[in-house]
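Colleague: Here the protein sequences line up with chains A and B, keeping their order. Quick note: the first sequence, position 199, residue 199 per our numbering, numbers continuous. Quick note: the second sequence, position 74, residue 74 per our numbering, numbers continuous.
Just so you know, these hints were derived from the structure itself, not from any lab. Note that the Cβ used here is the ideal one computed from N, Cα and C, for glycine as well. Certain hints may be false.
Here are some chain B residues pointing at chain A (derived, C-beta under 8 Å) [unchecked claim]: (1) 3; (2) 28; (3) 31; (4) 46; (5) 47; (6) 48; (7) 50; (8) 51; (9) 54; (10) 78; (11) 79.
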Amino acid sequence: MNPPSGIERCYRLLLRLYPKDFLAAHGADMLELFRDGWRRRARGGYRQLVLHSVQLVADVVHAAAAVRFDKLAEKKGRRFGVQGQGTRLPRNREEGPLPGLAQDLRFALRGMRSSPLVLICVLATLALGVAMNVVMLGIVDRALVSPPPGIRDPDRVVQLKFEGVDAAGTKFSMSTTSFPIFRLLRTLGTFDGVAAERVEEMTFGLGGELAKVSVSAVSSNYFDVMGTPLERGSFALREMSAEQVAVISHALWKRSFGRQDDALHRELRLNSSVYTIIGVAPPGFSGASNKQVDVWIPIFAAMRGAPAGWHLRPGMRVAALTARLREGATVEASAAQAGQAIAASGIEGPTGLTVGLAAIIPRPSAAAATPAGRMAFWLGGVSLIVLLISISNIVGLEILRALRQRRETAIKLALGLTPARLLRSLLVESVLMMSVGGLCGVLLAGRFGQAISAFVLPELARPTFGSEGRVLGLAAGIAGLSSILAALVRFAQIRGFSDLSGRRGSSSRRFRRSALQTSLLVGQSALALVLVVGCGLFVSSLNAIESQDLGIDTQDVFLVRLQSAKPLPGTQGNETYRGLMERFRQLPSVRYAAPVQSFPFGPHLVVFTATPGKKAEDLFPGQFPYAYGATDDFFQVLGQRVVQGRLFRPGEAQGGPLVAIVNRSLAEYLWPGQDPIGQCLQAGMASGPQGGYLPADAPCRTVVGVVNDTRVSRMRVEQDPTSYQYYLPYEQTGFMGQGELPFWGVLVKVRSDAASIRSDLLREARGGVQPETFVEVQAYRETIDPQVRPVRLGAGLFSAFGLLALALAGLGLYAALSYAVSQRRQEMGIRLALGAARGDVFRLIVGDGFRIAAMGGIMGCAAALYATRWIAAFLYATSPQNPWILGGGGAALFLVSLLACALPGWKAGRTDPIIALRAE
Amino acid sequence: MNPEDLTPVKPIDYLVLLVLGRGDRHGYGIVGDVEAESRGQVRLQPGNLYRIIRRLIRRQLVEESDRRPAKESDDERRRYYRLTPLGRQVMREETDRMRRLVECADRLDLQGERP
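Excised from the complex, chain A in its bound form (with noise of 0.2 Å):
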């Protein structure tokens, strides 16, 4: 492909930089050797294409420049008699390449000097600009556009995914498939590599260092397939190898083994089995998926608990399939290909599977539509707000600036200073301090990238900040434009009072404040506005969403769990959780603790469900009600409030009365306008040839109280309306015939002034269980949290952004003011001398102010009520248009705006009319 026209235009104009007799002698021969390298780079795609374009400007910039500067070299050395390759600096500052560079370096930063407060609001102001949009493009573009690091020529690497129809004529879908189907695909020549891969989470370590790590088991071809050449050892194993083998990730090399070379063949215990290290994987690498992986192992070693033979098995759906197309094969022809093989091996069924195959690169359209691209979508759109905000201020104090400033550059354009001189002297200026700004402001987001990466999207594989070539482009954009947006508005300012030199001091001069600068005010306040909105959107939702009555109290809850690599068989796994409650419950800060196998947020137990008389179905053609084992305690661990009759009486168990306790929902669906107390409940599940059902004999369950509602396992209410649930003693859950239900888990409500909670419960857990047990100590909350974080995090984004926004907003209009008063003096000593009071002189200044936020007030509410409708699937009972928080945003604008008005007003007020008319 040749390049297209206009590049090639581009690129004769790019030439023209360089000497003329050079490109003379070489311009012809430089234009066929760019068509040669965009030709070859062509093949490569786009992105090549993107980059090799930046190269060919740095490398003509670059190079021209030294061109000319061994010319003038040579030239010098010829005047004074130097022979050979002069490369010394010219001396002489009006012969250098550029002439007086030096001189406009010592203006520019003598110029920074003098006004060091607007310096360091201009610095500070452009490097949180930066970190922040450099921040968000590492995750928007980790999350969005890049495919996962580490993987040679990504856009052949693809994930299978697979569809079929059951026998009931209903479509499914997955992900994963068995193993005969991985060794088809594998040696059926459509693909160049097909690897298998399973992810789970196990313990890493033993004891107190016990830690969760997420691993994938993968085939042994999998780094082969991915194209992805480890950084220490290697992943050379038989196909079928069941060896303990690892290979860790970077991070994990550099967090637990230091870095340290001799990592390779030290041991690692995973899930208490023991494995060997052979290999480092590279920096970065994390598989196919946005998502963390830590350890490889071989899959053959993971399933080593596995069912006998379990790679046989056609029904066993074993692992995930990444695969690398051929050269040039299409994506559609392949999985055309894959999916009839499958229909011909007959493994799956007559009808087989149809094979879909999903690209790694992720499509920023369907890359948005995940939560994660949602959320980065948004965090983006909000970091560039806040950087259209930035470069405003730093535009409206530069305007400032340069009003300071205009008389000195007067005299100095009077003095025969050229305009292009001028203006390379402001850009020198400009740039020196944008360098500054973009620098603090990579180094900003390199230092605090991380965690905020890791507070906004957890789950993703973490993205680099501060190191990546397109990160520092993004920055030197932001800065070169910032610059030169800078150095031009100076300039325009500068010109425009040009003319002042031969009007020193004219009193009939009446102060005018431009439209621009009027239009930037205007424009930040709007912004602020529209993120002050935002920010008490979110700020209602979060509390309206966390102030709810769940039902439940949370509050001094945690959950314990134990998770052991080999299972304890028949009930010692329950009898351990046991000994774990009579060990809490001697803790003097634990107040109440039961173990647990179903319960609100977290598990669920759904059976048949009747009444004497009805059939399940027609009873609740929907959903069936929740039902719950409940310990003694129970209740009690979680708060619940008894509306009629009892509790279940302690040791209310196995072999006495069958009784149930339903919620204040079931009693009144079930039994309307009746006393619930007493009455037969019938739950129970058999298995048959049509599916399950309610056996005819489920015995009878006797109500004996009424518990109020609780919320199943959404936070919010329109996806969890009200439900069903009934209660059963613990020991009366065994009716799917398997006796005991194993335990999910132990709740413990603490006093809320235990201190050290966390780790006591940690150790006299540990003390109760095998050592390579792994035990997790978590708050009730938290396994509430993840729903409530989006709102949770919209909550604080939008609050940081938009205090810095409003903060933003008022230095700018207090700027703007303070310059307006100092130019107004004069006016405001006739005034006063006229016998204006001093508050009128005030109320002059601050209306002023307060017309400029109002209008950036008007238009802010008019973006908002545009602009939130965006937000509104984020939010929880809070309407987007809410007119009190708009008129709040409004408010908290109006008070800024009296802030940064009043200080100049009351200065302005005070001017000492005697003073002010002498002055002039």
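Please arrange chain B on chain A, whose structure you already have, making use of the hints.
Modeller: What follows is chain B alone, placed relative to chain A:
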């Protein structure tokens, strides 16, 4: 001119000299060979390449070639370059210089590092 006065040469100049030592090349050929010989470490862009060529021509190490390869593989528009006899001497001198340095390093390594 004495070739020793012209050494040491910059590494990139040396690479271009080495590539031209194998035969006449046009710009694109030099870029390709330099990239291949340096195993992808050095990628020359047009601007820089012609700056280097100009420098080498001025030092009389390289000149434009009037000889052309066989018709079918030739491109009329391209200019070819070749080493001058001085260029070849400088290339050899630089190679010797580096070899001497490496020998020196080896010797020191033998005496200093190992027991």
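Colleague: Hint by hint, note whether the structure agrees.
Modeller: Evaluation of the provided hints:
1. 3: violated (15 Å)
2. 28: With a minimum Cβ separation of about 5 Å from chain A (threshold 8 Å), the hint on residue 28/B holds.
3. 31: holds (7 Å)
4. 46: holds (4 Å)
5. 47: holds (3 Å)
6. 48: For residue 48/B, the interface hint holds, since the closest Cβ of chain A sits about 5 Å away, which is under 8 Å.
7. 50: holds (4 Å)
8. 51: holds (5 Å)
9. 54: Where the cut-off is 8 Å and the nearest Cβ of chain A is about 7 Å from residue 54/B, the hint holds.
10. 78: holds (6 Å)
11. 79: Holds. Min distance 6 Å.
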